[in-house]
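Sequences listed follow chains A and B, in order.
Residue 113 in the numbering used here sits at position 113 of the first sequence, and the numbers go up by one each step.
Residue 53 in the numbering used here sits at position 53 of the second sequence, and the numbers go up by one each step.
To be clear, the hints were calculated from the coordinates, so they are not data collected in a lab.
A quick note: this is a predicted structure, and the numbers were derived from the prediction, not measured.
We put the CB at the ideal spot given by N, CA and C, even for glycine.
Be a bit skeptical, because a hint or two may be false.
Said to hold, decoys possible - The calculated lysine to aspartate or glutamate pairs, modelled on DMTMM-like cross-linking and capped at a C-alpha distance of 25 Å, are:
| no. | chain 1 | residue 1 | chain 2 | residue 2 |
| --- | --- | --- | --- | --- |
| 1 | A | 57 | B | 31 |
| 2 | B | 42 | A | 1 |
| 3 | B | 71 | B | 49 |
| 4 | B | 71 | A | 63 |
| 5 | B | 68 | A | 1 |
| 6 | B | 56 | A | 103 |
| 7 | A | 78 | A | 63 |
| 8 | B | 42 | A | 63 |
As the list claims (entries may be wrong) - Restraint ranges, calculated between C-beta atoms of paired labels, are given here:
| no. | chain 1 | residue 1 | chain 2 | residue 2 | range |
| --- | --- | --- | --- | --- | --- |
| 9 | B | 39 | A | 14 | 16 to 22 Å |
| 10 | A | 17 | B | 96 | 20 to 26 Å |
| 11 | A | 70 | B | 59 | 35 to 41 Å |
| 12 | B | 28 | A | 15 | 39 to 45 Å |
| 13 | A | 73 | B | 96 | 41 to 47 Å |
| 14 | B | 72 | A | 80 | 37 to 43 Å |
| 15 | B | 59 | A | 30 | 23 to 29 Å |
| 16 | B | 110 | A | 101 | 20 to 26 Å |
| 17 | B | 82 | A | 71 | 26 to 32 Å |
| 18 | A | 16 | B | 55 | 36 to 42 Å |
| 19 | B | 31 | A | 53 | 36 to 42 Å |
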Amino acid sequence: EPEVTQTPSHQVTQMGQEVILRCVPISNHLYFYWYRQILGQKVEFLVSFYNNEISEKSEIFDDQFSVERPDGSNFTLKIRSTKLEDSAMYFCASKGLRLHSYEQYFGPGTRLTVT
Amino acid sequence: GESVGLHLPTLSVQEGDNSIINCAYSNSASDYFIWYKQESGKGPQFIIDIRSNMDKRQGQRVTVLLNKTVKHLSLQIAATQPGDSAVYFCAETLSSGTYKYIFGTGTRLKVLA
């Protein structure tokens, strides 16, 4: 069964450093998402991406964040200058174009620890 | 903004008993609802979904009930098993636009042997 993959599984970085989290969505999917989950809290929407552009972003997704789909298979989330409060699990998800199907498939997540 | 709790509510049930997990959703315009299960260290896994034109949907050992009047969802798990131990989240979305999910506060289900 196809699945969403994410790398790395755990990233430790120092405050102020740039990080890139990588995702490979399911190959025929067209909608892509990043969510984050701070420890012990609920999953929060960050950004959605469709047709090679951001379709919606949350208040969390400020100028320090950016997304890219550089090569038709990878989908990346970049945090330009990490802050302590960026420490969280980051989940990538993708959705296909099947009519009346709204199920998103989630990757296993990347745990980001900012020290 | 949405309120975020630091402590997940926990439901403890005996193995073999039925579990009922509740969720309140926020947007009365939402027309598609999903339950996800999250095991420790893993991403959310789809369990069951329901559209707003339905009140009830059954799967294998799971049933979702939707009450649009009070914006409430519930997930019923029959004959709860140790493998059901996880955090359960509901999510809501619109069947148009970006299809982003808004997740509810999770519930931790503990199955007691």
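Item to check | Beta-carbon spacing of residue 16 of chain A to residue 55 of chain B - inside the hinted bounds 36 to 42 Å or not | outcome: For residue 55 of chain B against residue 16 of chain A, whose Cβ atoms are near 52 Å apart, the range 36 to 42 Å is violated.
Item to check | Restraint check for residue 56 of chain B with residue 103 of chain A, where alpha carbons must lie at most 25 Å apart | outcome: Holds, at about 18 Å.
Checklist entry - Does the hinted range 20 to 26 Å hold for residue 110 of chain B and residue 101 of chain A at CB? => result Violated - the Cβ-Cβ distance for residue 110 of chain B and residue 101 of chain A, about 32 Å, lies outside 20 to 26 Å.
Next on the checklist: Can you confirm whether the C-alpha distance between residue 57 of chain A and residue 31 of chain B stays at or below 25 Å?
Outcome noted: holds, 20 Å
Checklist entry - Can the suggested window of 26 to 32 Å be confirmed for the beta-carbon pair residue 82 of chain B and residue 71 of chain A? => result violated, 42 Å
Item to check | Given hint residue 63 of chain A paired with residue 42 of chain B - CA-CA distance at most 25 Å | outcome: violated, 28 Å
Next on the checklist: Can you tell me whether the CB distance of residue 31 of chain B to residue 53 of chain A sits inside 36 to 42 Å?
Outcome noted: Roughly 25 Å apart at Cβ, these two residues miss the hinted range, so it is violated.
Checklist entry - Do residue 70 of chain A and residue 59 of chain B keep their Cβ atoms within the hinted range of 35 to 41 Å? => result holds, 38 Å
Checklist entry - Is it true that the C-beta distance of residue 59 of chain B to residue 30 of chain A lies inside 23 to 29 Å, as the hint says? => result Holds - the Cβ-Cβ distance for residue 59 of chain B and residue 30 of chain A, about 26 Å, lies within 23 to 29 Å.
Checklist entry - Between residue 17 of chain A and residue 96 of chain B, does the beta-carbon spacing fit 20 to 26 Å? => result Check failed, 39 Å falls outside 20 to 26 Å.
Next on the checklist: What's the verdict on residue 42 of chain B and residue 1 of chain A, does the C-alpha distance respect the 25 Å limit or exceed it?
Outcome noted: OK: residue 42 of chain B and residue 1 of chain A at ~17 Å, within 25 Å.
Item to check | Satisfaction of the hinted span 39 to 45 Å by the C-beta atoms belonging to residue 28 of chain B and residue 15 of chain A | outcome: Holds, since residue 28 of chain B and residue 15 of chain A (Cβ atoms, about 41 Å apart) stay within the stated range.
Violated hints for the displayed structure, listed by number in ascending order: 4, 5, 8, 9, 10, 13, 16, 17, 18, 19.
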